[in-house]
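J.: Sequences and hints are given; from them, build the entire structure.
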Amino acid sequence: MTTTPVRPPTAAGLAVELTDLTRVYGSVKALDGLTLHLAPGELVALLGPSGCGKTTALRILAGLDQPTSGRVEVGGKDLTRVPANKRDMGMVFQAYSLFPHLTVLENVAFGLKLRGKDAGARRKVAQEKLELVGLSEHGSRYASQLSGGQQQRVALARALAIEPSVLLLDEPLSALDAKVRVQLRDEIRRVQIEVGTTTLFVTHDQEEALAVADRVGVMNAGRLEQLAPPAELYSAPATKFVGEFVGLSNRLPATVQGGTASVLGRDVPALDGSTSGPGFALVRPEAVSVVADADGGATVTAVMFLGPLSRVTCLLADGTDVVAQLASSDALRLQPGQAVRLEVEPSPVLVVAG
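Note that this note's numbering gives residue 318 to position 318 of the sequence shown, counting from 1, and the numbers run on in steps of one.
Computed list of lysine to aspartate or glutamate pairs in EDC-like fashion (alpha-carbon distance at most 20 angstroms, straight line):
1) 77 x 88
2) 124 x 106
3) 240 x 286
4) 179 x 207
5) 240 x 272
6) 240 x 32
7) 117 x 163
8) 77 x 17
9) 77 x 20
10) 113 x 88
11) 113 x 163
12) 86 x 73
13) 124 x 163
14) 113 x 128
15) 86 x 65
16) 117 x 88
17) 29 x 65
18) 179 x 205
Everything labelled a hint here was simulated from the structure, so no lab data went into it. Computed from a predicted model, the values in this text were never measured in an experiment.
T.: Encoded structure:
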């Protein structure tokens, strides 16, 4: 199974290697042998539930925490015990953390001032980064005069102004409303590609991770369950946890024999890692079709309109609930109580034990 980035890495960033990292807090093992490689210029998103270790991994890379064991390398250099202020990394947090007494331009230039850059050079670079994030006209304003989305753009510009070797994004969009979050998510991706900085993005938002990353790593209990390009992660989950955590999945009775799974009367390929014999196939709602059929063996129980797409919930004779995602033009022809036949696409599925 490939884990190659979906676009060629750029020369602007440095490779990052996290090797066999563990972090123990008392009796809690926050990281349990994490090994992760980021190619130069690549954006990797770490995704997982609260407490899975994703933020601990980012903090160790930043130098804000020390591993119990393991190694951190950037550009081939061992940074495991190097202090955070010597690591040449830019960070953007959930909290904007702007200085309220400084203007936007002064906030962006702050890191350059600490590095001894003269006033003219600071202003030039800060103005360039504000233009990069679409705020070139806001340099003289203060944080209190900006919206939340604008403040987070300033925080991103400030992190990029020092031209870091690695950019670290820790839940940077979670404090924003849904519409602004999508806009800024796309903006972060555009800027990251343009600048070419190697980036680690930590988020609990699945859509966010799948939309912006070259590869997504799903973490669980301090371990990396799977690292893959977004489309591969979604269509070919490597483990039960990934299949059930990422996106929506139906659990449909299935039997696996010789690499083939029988699901709803259809034979489909079984993914590597599937159980043998009886189990449950993890089937995406969009891979289920619903056909009106008086003898189909299923009944529509609900139709939920979601715009261009709708979700149709059906009940099999054995009591299994099945959710299908259909074009609304097709779904709205169906009514609760209607007898239907369900079919699955012939795409590969992961079959797990009960």
